[in-house]
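Chemist: Quick note: the sequence shown, position 162, residue 162 per the working numbering, numbers continuous.
Quick caveat, the hints were computed from the structure, so don't treat them as lab data.
Taking lysine-lysine and the PhoX-like style, the derived pairs with C-alpha atoms no more than 20 Å apart in a straight line are:
{"id": "1", "residue 1": "Lys-106", "residue 2": "Lys-157"}
{"id": "2", "residue 1": "Lys-147", "residue 2": "Lys-157"}
{"id": "3", "residue 1": "Lys-147", "residue 2": "Lys-106"}
{"id": "4", "residue 1": "Lys-155", "residue 2": "Lys-106"}
{"id": "5", "residue 1": "Lys-157", "residue 2": "Lys-180"}
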Amino acid sequence: MATLEFFFDCSSPWTYLAFSRIEAVAARTGATIEWRPILVGGIFNEVNQTVYETRANPHPVKGRYYVKDLRDWAKFCGIEIGQPPVFPVRAVDAMRAAIVADEEGKLPAFAWATFRAYWGELKDISQPDVLAEICRNVGLDWDVVSKRIKDDDIKAKLRANTEEVIARGGFGSPTMFVNKTDMYFGNDRLPLVEAALSHG
Numbered sequence: 001m002a003t004l005e006f007f008f009d010c011s012s013p014w015t016y017l018a019f020s021r022i023e024a025v026a027a028r029t030g031a032t033i034e035w036r037p038i039l040v041g042g043i044f045n046e047v048n049q050t051v052y053e054t055r056a057n058p059h060p061v062k063g064r065y066y067v068k069d070l071r072d073w074a075k076f077c078g079i080e081i082g083q084p085p086v087f088p089v090r091a092v093d094a095m096r097a098a099i100v101a102d103e104e105g106k107l108p109a110f111a112w113a114t115f116r117a118y119w120g121e122l123k124d125i126s127q128p129d130v131l132a133e134i135c136r137n138v139g140l141d142w143d144v145v146s147k148r149i150k151d152d153d154i155k156a157k158l159r160a161n162t163e164e165v166i167a168r169g170g171f172g173s174p175t176m177f178v179n180k181t182d183m184y185f186g187n188d189r190l191p192l193v194e195a196a197l198s199h200g
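Generate coordinates for the entire structure from the input sequences, incorporating the hints supplied.
Modeler: This is the structure:
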């Protein structure tokens, strides 16, 4: 059976697009998904610093197309992607909480709710009250989660996932690996991921 590692950060709109379709891809190909929460900011700091420069000084023509492209993809995927007032957002607590959710067998539901809260409802997912509401909505105990995200093992796991994807050649979110060695980056590569999984 093929495996698909999905390294992701909920603060990325392109990752939301890929996430919205990845479970269906796995279902069609019989693949197992390994969810790997990361901090995309940690990747950018290490291997992709030009992202910050581009954000600070966007090219006007490319910038207009970027907005259209994102809207087109969101429509295609059947999800809402707006412009959160807080961007980029400090996603460290949300992504640590995703690791806790994974331990509880609730990661997909938690990630769905986090993506939707940030990109659809334009809420600040760095805020404890927003994360508490997300946890409530997916059947996680925020009292437990809020303590766990301060634990060293959870912090270390998020850091290790982020360092691992960099070490394996990743430079952003989503980064996907088919059967451990075959890397794909970005929402628009999903058809290639599906083909690789099908021939796995």
